[in-house]
Amino acid sequence: MIEVKNISKAFNGNVVLKNVSVEFYPGKVNFIIGRSGSGKSVLTKCIVGLMEVDQGEIIFDNRNFTKLDRWDRKDIRQEMGMLFQGSALFSSLTVEENVMFPLQMFSKMSKSEMLDRTNFCLKRVNLEGKNKLYPSETSGGMQKRIGIARAIAMNPKYLFCDEPNSGLDPQTAIVIDNLIKEITYEYGSTTVVVSHDMNSVIEIGDHINFINQGELWWRGDKREILHSDNEELSKFVFPSHFMQEIRENLKG
Amino acid sequence: MTKLYINIGKYCLLLVNVFTKPEKGKIYRKLIIQEIDKIGLQSLGIVGLLSLFMGAVVTLQTAANIDSGWIPRWTIGFTTRQTMILEFSSTIVCLILSGKVGGNISSEIGTMRITEQIDAMDIMGINSASYLILPKIIAAMFIFPFLVIISMFLGIGAGALVGTSSGVISLTDYEYGLQYYFELFQVSYTLIKTVVFAFIITSVSAYHGYYTHGGPREVGESSTRAVVYSMVLILISNYVLTQLLLL
Numbered sequence: 001m002i003e004v005k006n007i008s009k010a011f012n013g014n015v016v017l018k019n020v021s022v023e024f025y026p027g028k029v030n031f032i033i034g035r036s037g038s039g040k041s042v043l044t045k046c047i048v049g050l051m052e053v054d055q056g057e058i059i060f061d062n063r064n065f066t067k068l069d070r071w072d073r074k075d076i077r078q079e080m081g082m083l084f085q086g087s088a089l090f091s092s093l094t095v096e097e098n099v100m101f102p103l104q105m106f107s108k109m110s111k112s113e114m115l116d117r118t119n120f121c122l123k124r125v126n127l128e129g130k131n132k133l134y135p136s137e138t139s140g141g142m143q144k145r146i147g148i149a150r151a152i153a154m155n156p157k158y159l160f161c162d163e164p165n166s167g168l169d170p171q172t173a174i175v176i177d178n179l180i181k182e183i184t185y186e187y188g189s190t191t192v193v194v195s196h197d198m199n200s201v202i203e204i205g206d207h208i209n210f211i212n213q214g215e216l217w218w219r220g221d222k223r224e225i226l227h228s229d230n231e232e233l234s235k236f237v238f239p240s241h242f243m244q245e246i247r248e249n250l251k252g
Numbered sequence: 253m254t255k256l257y258i259n260i261g262k263y264c265l266l267l268v269n270v271f272t273k274p275e276k277g278k279i280y281r282k283l284i285i286q287e288i289d290k291i292g293l294q295s296l297g298i299v300g301l302l303s304l305f306m307g308a309v310v311t312l313q314t315a316a317n318i319d320s321g322w323i324p325r326w327t328i329g330f331t332t333r334q335t336m337i338l339e340f341s342s343t344i345v346c347l348i349l350s351g352k353v354g355g356n357i358s359s360e361i362g363t364m365r366i367t368e369q370i371d372a373m374d375i376m377g378i379n380s381a382s383y384l385i386l387p388k389i390i391a392a393m394f395i396f397p398f399l400v401i402i403s404m405f406l407g408i409g410a411g412a413l414v415g416t417s418s419g420v421i422s423l424t425d426y427e428y429g430l431q432y433y434f435e436l437f438q439v440s441y442t443l444i445k446t447v448v449f450a451f452i453i454t455s456v457s458a459y460h461g462y463y464t465h466g467g468p469r470e471v472g473e474s475s476t477r478a479v480v481y482s483m484v485l486i487l488i489s490n491y492v493l494t495q496l497l498l499l
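Chain order of the listed sequences is A and B. Here my numbering is used: the first residue of the first sequence is 1, the next is one more, and so on. Here my numbering is used: the first residue of the second sequence is 253, the next is one more, and so on.
Derived from the structure by calculation, the hints contain no laboratory data. Mixed in with the good hints, there may be bad ones.
Label pairs and their calculated CB-CB ranges [stated by the list, open to error]:
| hint | chain 1 | residue 1 | chain 2 | residue 2 | range |
| --- | --- | --- | --- | --- | --- |
| 1 | B | Val-484 | A | Glu-113 | 32 to 42 Å |
| 2 | A | Lys-123 | B | Val-484 | 48 to 58 Å |
| 3 | B | Val-484 | A | Glu-97 | 48 to 58 Å |
With a cut-off of at most 30 Å between alpha-carbon atoms, the simulated DSSO-like pairs for lysine-lysine come out as follows [said to hold, decoys possible]:
| hint | chain 1 | residue 1 | chain 2 | residue 2 |
| --- | --- | --- | --- | --- |
| 4 | A | Lys-67 | B | Lys-262 |
| 5 | A | Lys-132 | B | Lys-255 |
| 6 | B | Lys-276 | A | Lys-45 |
| 7 | A | Lys-132 | B | Lys-290 |
| 8 | A | Lys-157 | B | Lys-276 |
| 9 | B | Lys-290 | A | Lys-67 |
| 10 | B | Lys-290 | A | Lys-45 |
| 11 | A | Lys-157 | B | Lys-290 |
| 12 | A | Lys-132 | B | Lys-262 |
| 13 | A | Lys-108 | B | Lys-262 |
| 14 | B | Lys-273 | A | Lys-235 |
| 15 | A | Lys-108 | B | Lys-352 |
| 16 | B | Lys-273 | A | Lys-67 |
| 17 | B | Lys-262 | A | Lys-18 |
| 18 | A | Lys-130 | B | Lys-278 |
| 19 | B | Lys-278 | A | Lys-123 |
| 20 | A | Lys-157 | B | Lys-278 |
| 21 | A | Lys-123 | A | Lys-111 |
Positions of the beta carbon are idealized from the N, C-alpha and C atoms, including for glycine.
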């Protein structure tokens with residue numbers, strides 16, 4: 001479980017996160033949703049330690065991440081996997097080398113064991129036989145799947161996905177969503193997905209946290225989100241007249 | 253001025269991260285070998301070409317400027333040797349390499365930064381500064397002296413070839429000039445300078461790449477800054493080292 005307690009973050013006096021407290025549960029797909037610029041990416045970067053919080057605490061299974069120095073954070077970091085918005089694959093490495101990278105750096109496996117694990121991860125994301133391709137030779141959807149394979153290579157306890165569907169067609173997006181959901185249930189990992197794609201939220205979201213103007217505005221599950229009276233949330237979930245009509249029908 | 257101090261502070265902090273104990277020595281050794289090839293061996297062509305032509309031109313220009321009968325012809329060989337060993341093969345070659353190697357390092361690391369590849373490493377728990385920069389620094393400090401030695405031989409050799417074939421000097425005179433008042437320490441001095449320049453080129457360029465923010469335009473700007481700052485620091489350190497080591 002990841003507990004975020006009263007964190008705040010500002011850049012040059014511009015407050016981006018205001019006293020945000022939120023929990024992310026193991027074995028569940030936890031969503032952070034919100035408009036562009038609402039602070040959800042900053043929140044994620046603070047949780048994974050790419051940014052330092054100004055105040056507050058982030059606790060990974062009773063381990064206070066904010067109070068640890070860089071060296072002590074290493075243990076927790078090795079339990080994290082992250083899928084980036086742009087996949088962030090190492091362009092100079094092949095698909096196989098990308099997936100094998102964390103294993104080479106941290107595991108004590110032999111080369112053949114690492115290769116077996118890499119092939120297992122690639123098979124898990126339906127990319128068998130693509131080992132020798134370079135990221136530039138693969139499609140956007142494949143790059144996301146390679147990113148997932150790399151993220152799960154070390155059996156992560158915590159899986160973070162930043163806008164996993166951005167730039168993908170709806171069908172490929174559903175494939176990626178299902179993959180995230182399956183992996184979460186399979187590994188029992190605490191998965192945190194940052195997104196503004198409502199299809200994903202409705203499809204795979206177990207717990208949803210709505211961030212607005214740097215504050216946690218609403219939390220609940222995907223059924224509650226459809227019936228919520230929170231005005232800002234409704235504007236976000238049902239942005240067009242057409243969607244609002246659907247909502248009225250749902251209510252009716 | 254405050255910005256300068258901030259940059260110096262950030263540069264020093266980056267170096268502290270770079271020189272911390274590597275995660276896996278075996279992987280770093282492999283990376284160093286790759287960097288020796290990329291930074292050093294792939295620069296052989298440009299270094300060789302420059303040195304050949306500079307050695308030839310220095311020889312011809314010295315010959316053209318000696319119009320007094322009081323100045324012996326062997327001075328041509330002596331001047332070519334001193335020019336190549338003391339300045340050209342170290343300082344000028346490193347200035348050229350700061351453009352080729354420094355620009356490359358800065359844009360490579362800068363692109364990794366803006367495409368979140370460095371963030372990916374940090375999240376995995378890898379010391380990205382050390383992983384990306386340390387092999388480049390070690391590789392450059394190791395291979396640049398070899399490039400400089402090759403440059404010296406090529407320049408002096410080209411001078412001999414052009415000087416004798418154009419008839420401005422005999423091979424005997426040229427050889428006499430090369431050997432005249434030769435001090436081995438001058439070679440040591442130039443190699444010491446080269447190692448310092450190699451450190452400046454790689455660390456300064458890596459610093460500018462590592463702290464790139466934004467998009468492709470900023471990567472280009474970082475590369476330009478990396479080359480300019482490297483060149484300025486090479487020139488300043490060249491002066492300081494000459495003052496310290498030769499006088």
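Consistency of the hints with the structure:
For the pair Val-484/B and Glu-113/A, the supplied restraint of 32 to 42 Å is violated, since their beta-carbon distance comes to about 50 Å. A hinted range of 48 to 58 Å for the beta carbons of Lys-123/A and Val-484/B is consistent with their spacing of about 53 Å. At roughly 38 Å, the beta carbons of Val-484/B and Glu-97/A sit outside the given window of 48 to 58 Å. Of the supplied pair hints, the one linking Lys-67/A and Lys-262/B holds, its CA atoms being roughly 23 Å apart against a limit of 30 Å.
Restraint check for Lys-132/A and Lys-255/B: not satisfied, since their Cα atoms lie roughly 45 Å apart, outside the 30 Å limit. Simply put, Lys-276/B and Lys-45/A have alpha-carbon atoms about 26 Å apart, close enough for the 30 Å limit, and the pair holds. For the suggested pair Lys-132/A and Lys-290/B, the alpha carbons sit about 22 Å apart, so the restraint of at most 30 Å is met. Between Lys-157/A and Lys-276/B the CA atoms are separated by roughly 23 Å; this keeps the pair inside 30 Å, and the hint holds.
The straight-line distance between the Cα atoms of Lys-290/B and Lys-67/A is roughly 41 Å, outside the 30 Å bound, and the hint therefore fails. With a C-alpha separation of about 34 Å, the suggested pair Lys-290/B and Lys-45/A falls outside the 30 Å cut-off, and the hint is violated. Distance restraint check for Lys-157/A and Lys-290/B: the Cα-Cα separation of roughly 38 Å exceeds the 30 Å cut-off, and the hinted pair is therefore not satisfied. This hinted pair does not check out: Lys-132/A and Lys-262/B have alpha carbons roughly 38 Å apart, beyond 30 Å.
Restraint check: the Cα-Cα separation between Lys-108/A and Lys-262/B comes to about 34 Å, which exceeds 30 Å; the hinted pair is violated. A hinted pair counts as satisfied when its Cα atoms are at most 30 Å apart, and Lys-273/B with Lys-235/A does not qualify at roughly 51 Å. With a C-alpha separation of about 38 Å, the suggested pair Lys-108/A and Lys-352/B falls outside the 30 Å cut-off, and the hint is violated. Distance hint between Lys-273/B and Lys-67/A is fulfilled; the C-alpha atoms sit about 23 Å from each other, no more than 30 Å.
Under the criterion of a C-alpha separation no larger than 30 Å, the hint pairing Lys-262/B with Lys-18/A is consistent with the structure, at around 28 Å. Among the hinted pairs, Lys-130/A with Lys-278/B is consistent with the structure: their alpha-carbon atoms are about 27 Å apart, no more than 30 Å. Between the alpha carbons of Lys-278/B and Lys-123/A the distance comes to roughly 28 Å, so the proposed pair stays at or under 30 Å and holds. Taking the CA atoms of Lys-157/A and Lys-278/B, the gap is near 28 Å; set against the 30 Å cutoff, the hint holds.
Among the hinted pairs, Lys-123/A with Lys-111/A is consistent with the structure: their alpha-carbon atoms are about 18 Å apart, no more than 30 Å.
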